[in-house]
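Novice: These are the residues of each chain, in order.
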Amino acid sequence: MDSRHDIELSVNGDTHRISVQARRLLSDALREDCGLTGTHVGCEHGVCGACTVLIDGRPARACLTYAMQMEGHEITTIEGLGGTDGYSPLQQAMQDEHGLQCGFCTPGILVTFEAYLRDNPDPTEDEIRDVLSGNLCRCTGYENIVAAVKKAAAGMRGEPE
Amino acid sequence: MPKDHGIGASSKRREDVRFLTGKGRYTDDINIRGQAYVHFLRSDVAHGKINGLDTSAAESAPGVLRVFTGADFEGVGGLPCGWQVTDREGNPMQEPAHPVLAQGKVRHVGDPIAAVVAETYEQARDAAEQITVDIEELPAVMDMKAALKPDAPKVHEDLTSNLCYDWGFVEENREATNAAFEKAHHVTTLELVNQRLVANPMEPRVAIGDYAAHSDESTLYTTSQNPHVIRLLMGAFVLGIPEHKLRVVAPDVGGGFGSKIFHYAEEAFCTFAAKALKRPVKWVSSRSEAFLSDAQGRDHVTRIELALDAEGHFQALRTETYANMGAYLSTFSTSVPTWLHGTLMAGNYRTPLIYVNVKAVFTNTVPVDAYRGAGRPEATFQLERVIDKAAREMGIDPVELRRRNFVTEFPYATPVAVEYDTGDYNATLDRALEMADWDGFEARAAESAKKGLWRGRGINSYIEACGIAPSQLVGQLGARAGLYESATVRVNATGGLVVMTGSHSHGQGHETAFPQVIADMIGIDESQVEIVHGDTANTPMGMGTYGSRSIAVGGSAMVRAAEKVIAKAKKIAAHLMEAAPEDVELKDGQFSVAGTDKSIAWGDVTLAAYVPHNYPLDEIEPGLEETAFYDPSNFTYPAGAYVCEVEVDPETGKVRVDRFAAADDFGNVVNPMIVEGQVHGGLAQGIGQALLEGCTYDETGQLLSASYMDYAMPRADDLPSFQVDHSCQTPCTHNPLGVKGCGEAGAIGSPPALVNAVVDALQRGGKDVTHIDMPLSPARVWAAMQ
Numbered sequence: 001m002d003s004r005h006d007i008e009l010s011v012n013g014d015t016h017r018i019s020v021q022a023r024r025l026l027s028d029a030l031r032e033d034c035g036l037t038g039t040h041v042g043c044e045h046g047v048c049g050a051c052t053v054l055i056d057g058r059p060a061r062a063c064l065t066y067a068m069q070m071e072g073h074e075i076t077t078i079e080g081l082g083g084t085d086g087y088s089p090l091q092q093a094m095q096d097e098h099g100l101q102c103g104f105c106t107p108g109i110l111v112t113f114e115a116y117l118r119d120n121p122d123p124t125e126d127e128i129r130d131v132l133s134g135n136l137c138r139c140t141g142y143e144n145i146v147a148a149v150k151k152a153a154a155g156m157r158g159e160p161e
Numbered sequence: 001m002p003k004d005h006g007i008g009a010s011s012k013r014r015e016d017v018r019f020l021t022g023k024g025r026y027t028d029d030i031n032i033r034g035q036a037y038v039h040f041l042r043s044d045v046a047h048g049k050i051n052g053l054d055t056s057a058a059e060s061a062p063g064v065l066r067v068f069t070g071a072d073f074e075g076v077g078g079l080p081c082g083w084q085v086t087d088r089e090g091n092p093m094q095e096p097a098h099p100v101l102a103q104g105k106v107r108h109v110g111d112p113i114a115a116v117v118a119e120t121y122e123q124a125r126d127a128a129e130q131i132t133v134d135i136e137e138l139p140a141v142m143d144m145k146a147a148l149k150p151d152a153p154k155v156h157e158d159l160t161s162n163l164c165y166d167w168g169f170v171e172e173n174r175e176a177t178n179a180a181f182e183k184a185h186h187v188t189t190l191e192l193v194n195q196r197l198v199a200n201p202m203e204p205r206v207a208i209g210d211y212a213a214h215s216d217e218s219t220l221y222t223t224s225q226n227p228h229v230i231r232l233l234m235g236a237f238v239l240g241i242p243e244h245k246l247r248v249v250a251p252d253v254g255g256g257f258g259s260k261i262f263h264y265a266e267e268a269f270c271t272f273a274a275k276a277l278k279r280p281v282k283w284v285s286s287r288s289e290a291f292l293s294d295a296q297g298r299d300h301v302t303r304i305e306l307a308l309d310a311e312g313h314f315q316a317l318r319t320e321t322y323a324n325m326g327a328y329l330s331t332f333s334t335s336v337p338t339w340l341h342g343t344l345m346a347g348n349y350r351t352p353l354i355y356v357n358v359k360a361v362f363t364n365t366v367p368v369d370a371y372r373g374a375g376r377p378e379a380t381f382q383l384e385r386v387i388d389k390a391a392r393e394m395g396i397d398p399v400e401l402r403r404r405n406f407v408t409e410f411p412y413a414t415p416v417a418v419e420y421d422t423g424d425y426n427a428t429l430d431r432a433l434e435m436a437d438w439d440g441f442e443a444r445a446a447e448s449a450k451k452g453l454w455r456g457r458g459i460n461s462y463i464e465a466c467g468i469a470p471s472q473l474v475g476q477l478g479a480r481a482g483l484y485e486s487a488t489v490r491v492n493a494t495g496g497l498v499v500m501t502g503s504h505s506h507g508q509g510h511e512t513a514f515p516q517v518i519a520d521m522i523g524i525d526e527s528q529v530e531i532v533h534g535d536t537a538n539t540p541m542g543m544g545t546y547g548s549r550s551i552a553v554g555g556s557a558m559v560r561a562a563e564k565v566i567a568k569a570k571k572i573a574a575h576l577m578e579a580a581p582e583d584v585e586l587k588d589g590q591f592s593v594a595g596t597d598k599s600i601a602w603g604d605v606t607l608a609a610y611v612p613h614n615y616p617l618d619e620i621e622p623g624l625e626e627t628a629f630y631d632p633s634n635f636t637y638p639a640g641a642y643v644c645e646v647e648v649d650p651e652t653g654k655v656r657v658d659r660f661a662a663a664d665d666f667g668n669v670v671n672p673m674i675v676e677g678q679v680h681g682g683l684a685q686g687i688g689q690a691l692l693e694g695c696t697y698d699e700t701g702q703l704l705s706a707s708y709m710d711y712a713m714p715r716a717d718d719l720p721s722f723q724v725d726h727s728c729q730t731p732c733t734h735n736p737l738g739v740k741g742c743g744e745a746g747a748i749g750s751p752p753a754l755v756n757a758v759v760d761a762l763q764r765g766g767k768d769v770t771h772i773d774m775p776l777s778p779a780r781v782w783a784a785m786q
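Chain order of the listed sequences is A and B. The numbering of the first sequence is full-length UniProt numbering, which starts it at 1 and goes up by one. The numbering of the second sequence is full-length UniProt numbering, which starts it at 1 and goes up by one.
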């Protein structure tokens, strides 16, 4: 059970050479082995969505994924959002619209909608709420997150504020 | 035009910068060189006698440093209860021991029996599976009323029964209240359950103990709302470590909602084990463990009676409540059903006689303590449900019945020991009705009917006592702590300043809102002010954040400290400008002398304080740093009115919340954006309670709702878009900011509004349903209709 495996994880464009047990979860590997603590673990059974990361651009629960499965895949975490000039449009909108309070669930929500807005540039409120229901937030009541996603989407479509 | 800075401005939150980029520093993000990991072996039965415990195999398992059991803690104190309640006879409550690790008995599923510390978390968990526990299972005490029968098994053998206390309030009013019921024109009675909830902050609890042998100092990193309280309780009552050898750090904390107020066994364990092993020891709660070890909330069973005269004026109110304490007394558990509940039973109304009886009961369940609102949601729910039922029984419009009984003159002394300083309950009710388009209801109901749905509407007026609390008063009531708050304002030589506060932010945005106040007072930019909180090593002793108290009590302490700073700075400025201190004014960061053109900048004065070359050293000391402790003279009384409109599907019992309007009076508001966010979050938790959430045990004490698959937390598509408003403002009269607090209002005011709306919908659908217990799941609503 203690045998270890040397793997390479590609995260946010950087390669991490780490040694993990077969049972090491991606969420723990990111946090403990790669030192990327922005990904949070809220429930360890895939229900809360806090640990959501992008695997080859698609949202996935890092707590339901083994690190060893990830060789050859490209992972994006919250640390990889935004450009060199700072916030992504959604990060900016989340601050502007007060879409977060304690911040613990926020990484999973940001990552989820980074992918969603890329594929769905003009979502309705119902569609936003539907997607957002994959992530639990205990602080905000979701109202301002919905507003932030709308605002970010409009901005990304080039609409004036 | 909205303000763009200072008090009243919706300043963007500066803490968001780190949270949005993955740079937050939560407790689990801290790793200390050489740290070991602990896994707790927890009881899988609710009640049992430990006849044998064999840890030998675990001790020799790979990587294991040591296995701890209850025997290791025999010379150590138990987890203390912070509030002693006195019963109707004047006797102190029954107060059982609460060991860090079980000693001889387990009393709830999740009770920690042993702790394995190993090099890795996986090794600790693997080794724990090799511990053999011989438990003789005993009958679980689950039902509160059955628990009080003479032949009931006892949760604690050394107590006389499972009754913690039988509390009467106001005991002197009991006979007069009963007499008023004898004479009443009408009496409305309601039996209801305020179900057990789990706070469920998204960040599970974490504790890291660290010990520095060279200085004999212990440090605990923990997910706490009040690090100083933890240091005091753990140091003085559990581990016997003086405060100067103990530091408690609560860094970024991912939500609390009350559940991170309390001192938990895992905190004491990690601190103790780190010293014993000379290694840092880390514990990270799994979500399953959180369900089995975080203090839970509510769990009251109540019978309430309201006596009215022929015109609907309230004559008297009496209640009998059974309050579940769980297996042990959590830190503030005993105060919740008593002083945080009985004192609110007047609500917004002139009810001359009130008598509240509460029986607190031990059961083989996870301990129960404060959860968002803490006693006040329970009070409001009973009161607003019984008023709605009375209105229906007497044929009086529920809005009119409330208005007829509102307190309208202030200050108002209730018959339950508190004095409301200000309020305008008609104003918030008017605003809520307007926002929800109350008058347009019938048209919407007709539209719903076309779809085969029953539409209903419910209102609720609430009041809460916040800003807890005047220390002398709570001391008389049994609190074993003072409830002041503290702040140190340290001005730096170049004019920027740091506020070190005993308040703690676990999502409320203190780092943004507190500087708005200070910046306004001095007239400098908010970016010149930094807030430090969450570390006992660099903040003055303070009581932390709960009970919507941060801005009202912590903010007031900060204002007092800043006033001292400004007073001293004026003396320095007076010296520099060769004027009398009383003639010096401070505005927009400039000191000036009244009636002259003399002025000097804030930064020049602060520099002089630290480079005192030209300085009145014979009158005042150099430096510019002041501390204040603020102890409030009264509670604050936020109040408001909520309107909820629902559609019920008569085929399935499914409830959809169509609209929810909340009009709150929080007094003055420092940051409207943050305040609205607090209300949103409170509403979500209140609507969660009303529709979805419920903690369920089976008869053997197994927690059936022990994961997010089984405990239904509200999600984005369960909730409506909220309409919130805080434009009705009657400032608090007794704190310097005129603020009342906003953290709990949403959770207090929303459950009764929603249940009232569903009952209304069923009544309009022709069903004689007067009450449904929460959560209003489709199954329950459907059953009520049959």
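Note that these hints are calculated values from the structure, not bench results. A portion of the hints provided could be inaccurate.
[As the list claims (entries may be wrong)] Not the full set, but computed from the structure, chain A residues with beta-carbon under 8 Å of chain B:
#1 ASP33
#2 THR37
#3 GLY42
#4 GLU44
#5 TYR66
#6 GLY72
#7 GLU74
#8 GLY83
#9 GLN95
#10 TYR142
#11 VAL146
#12 MET156
#13 PRO160
[Said to hold, decoys possible] Okay, the calculated bits of chain A under chain B, using three or more residues with CB under 8 Å as the criterion:
#14 53-59
#15 113-123
[Stated by the list, open to error] Computed cross-link-like contacts, SDA-like style, restricted to lysine to any residue with a CA-CA straight-line distance of at most 25 Å:
#16 A:LYS150 / B:ASP718
#17 B:LYS23 / A:GLY158
#18 B:LYS451 / A:GLU127
#19 B:LYS23 / A:GLN95
#20 B:LYS23 / A:TYR87
#21 B:LYS149 / B:THR132
#22 B:LYS105 / B:VAL76
#23 B:LYS154 / B:GLY70
#24 A:LYS151 / B:LYS154
#25 B:LYS12 / A:ARG157
#26 B:LYS49 / B:LEU704
#27 B:LYS654 / A:LEU64
#28 B:LYS451 / A:TYR87
#29 A:LYS150 / B:VAL76
#30 B:LYS564 / B:ILE524
#31 B:LYS451 / A:GLY134
#32 B:LYS451 / A:LEU64
#33 B:LYS587 / B:LYS654
The beta carbon of each residue, even a glycine, is placed where N, CA and C say it ideally should be.
Novice: Are LYS451 of chain B and LEU64 of chain A close enough, with their CA atoms no more than 25 Å apart?
Specialist: violated (42 Å)
Novice: Using Cβ atoms only, decide whether ASP33 of chain A comes closer than 8 Å to chain B, and label the hint accordingly.
Specialist: With a closest approach of 11 Å, the ASP33 of chain A hint is violated.
Novice: Checking one constraint from the list: CA of LYS564 of chain B to CA of ILE524 of chain B, max 25 Å. Satisfied?
Specialist: holds (17 Å)
Novice: Against chain B, run the beta carbon of MET156 of chain A and see if the smallest gap drops under 8 Å.
Specialist: Hint on MET156 of chain A: violated, closest Cβ of chain B at ~16 Å, above 8 Å.
Novice: Are the Cα positions of LYS105 of chain B and VAL76 of chain B separated by 25 Å at most?
Specialist: The given pair, whose Cα atoms are some 17 Å apart, holds under the 25 Å limit.
Novice: Take a quick look at whether LYS451 of chain B and TYR87 of chain A sit within 25 Å of each other, Cα to Cα.
Specialist: violated (45 Å)
Novice: Are LYS654 of chain B and LEU64 of chain A close enough, with their CA atoms no more than 25 Å apart?
Specialist: Not OK: LYS654 of chain B and LEU64 of chain A at ~32 Å, beyond 25 Å, violated.
Novice: Sort out whether GLN95 of chain A lies within 25 Å of LYS23 of chain B, counting only the CA atoms.
Specialist: holds (15 Å)
Novice: Given the hint that LYS587 of chain B pairs with LYS654 of chain B, test it: the Cα-Cα distance must not exceed 25 Å.
Specialist: At roughly 58 Å apart (the allowed maximum being 25 Å), LYS654 of chain B and LYS587 of chain B break the hint.
Novice: Given the hinted pair LYS23 of chain B and GLY158 of chain A, is their Cα-Cα distance within 25 Å?
Specialist: violated (29 Å)
Novice: Mind checking, does the stretch 113-123 of chain A have 3 or more residues with a CB under 8 Å from chain B?
Specialist: The restraint on the stretch 113-123 of chain A is violated, since only 0 of its residues have a Cβ under 8 Å from chain B and three are required.
Novice: Does GLU44 of chain A pass the interface hint, meaning its C-beta sits closer than 8 Å to a C-beta of chain B?
Specialist: holds (6 Å)
When the structure is compared with the earlier hints, violations turn up for hints 1, 5, 6, 7, 8, 12, 13, 14, 15, 17, 21, 24, 27, 28, 29, 31, 32, 33 and for no others.
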